[in-house]
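Make the full structure from the sequences, and use the hints.
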Amino acid sequence: MLLRPEDPDLLIMASESPSPPSPELYPQTIPSQPSDDNNLDDVWGSSPSSPSLTPSTHPSDIHRLQQEHSTAGYRDGITNAKAASAQKGFDEGFGLGAVIGSRCGLVLGLLEGVVNALSAETEGRKEVEGLLVEARKELDVVSVFGREYWDGEGVWKYEVKGDGGEGEVLFADVAGAHPLVRKWAERVREVVERYGIDVKVLEEDDVKRDGQADEGGREVRRDAKAVGARGKEVLEW
Amino acid sequence: MASDPFETLLNLEDQFYQSGYAQGEADGHKAGLLEGRSLGLEKGFQKFVESSRLHGKAIVWANRLPILRPSKEKLELPTLPSNARLEKNVTMLFGLTEPESLSTENTDEAVNDFDDRLKRAQGKAKIIEKAVGEETKEHVGEAVGSGKGRIADVEIFTETL
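Protein chains in written order, with UniProt numbering: chain A, 1 to 237; chain B, 1 to 161.
Simulated from the structure, these hints should not be mistaken for laboratory data. Careful: at least some of the hints might be erroneous.
[What the hints assert, rightly or not] Here's a subset of chain B near chain A, in silico, CB distances under 8 Å, partners left out:
{"hint": "1", "residue": "34"}
{"hint": "2", "residue": "42"}
{"hint": "3", "residue": "75"}
Glycine is no exception: its CB is placed at the ideal position from the N, C-alpha and C atoms.
This is the structure:
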């Protein structure tokens, strides 16, 4: 999935924060301050002096030149860098979002399955239905990625313990530690136990996966190992 | 280059441009990373919440099919009648949505595979829902499912996926 460049944003950023003048560029082209100013330096400690305040034979030209070109450079720089890094960030976020989404979806699906299995008059159905409604609200994308759990930079605020070797943090750790994920994993476990559902029901494989009945299944299995290894990817941000 | 002030002057435009560029690059890099990350989190979440939701449903259906669940000790849900096609569909749905087998990477290959499987899974889920009489509005617990596992003419549903 490729990100589209978000031009409006880029333009806003570029015009809002043009780069400040870079003092290092000046010393060679602008005469340094006369030495008799040095006594002031004792007071203001302004050494090296700020170039834009330095009287010069042609200050406006230099200034305009700098303004113009460094702004153009800034604009190009931000556009190019952003285009490149946005995709990188997206790829990182995608993987973690996927793992979290996967946990949440399972909760919703199990609850839905139970609610649908029970007829309206069955005792207990109302309760599970209530859970489902609540889960849909809490495991919504807006709620799961709310400010309560994430800072503005796409980093989780809640505590995560690394489970990988040497305390490395994996996607699965971050997903599993999310307070809402934990809460609902626990709640759904109760429901699953109450109704005697075996969540590993088809995992032991071969239960009934034979022949063509299975095109999907077998392919899927083969896949599982390769991905399993990659799934352990260590988090880098 | 300090030895030739004239040349330095000519290079000035370029120097200004470069210094602006460097700063823009730094700012842009960070901004892009953060924006991309947030967007990616959301997108990845949305995709996988759906596939796993179907997986959860497949688990419950499989539990209710005696043949897929040999040990039926203490199942407190109505069982579904034996039906080869239904069993096959539930098994397929389970396989198509199995989280361990779905790559969470954002590569063309992985995303295409995911999209393809999700589409097939959604088709399977619809077929199963019809078959077991759980034709409900996709959302909200106003599920009208009779839940009795009455199978209406399962065999007439043709699989288009």
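Check each numbered hint against the structure and report the violated ones by number, ascending.
-> Result: no hint breaks.
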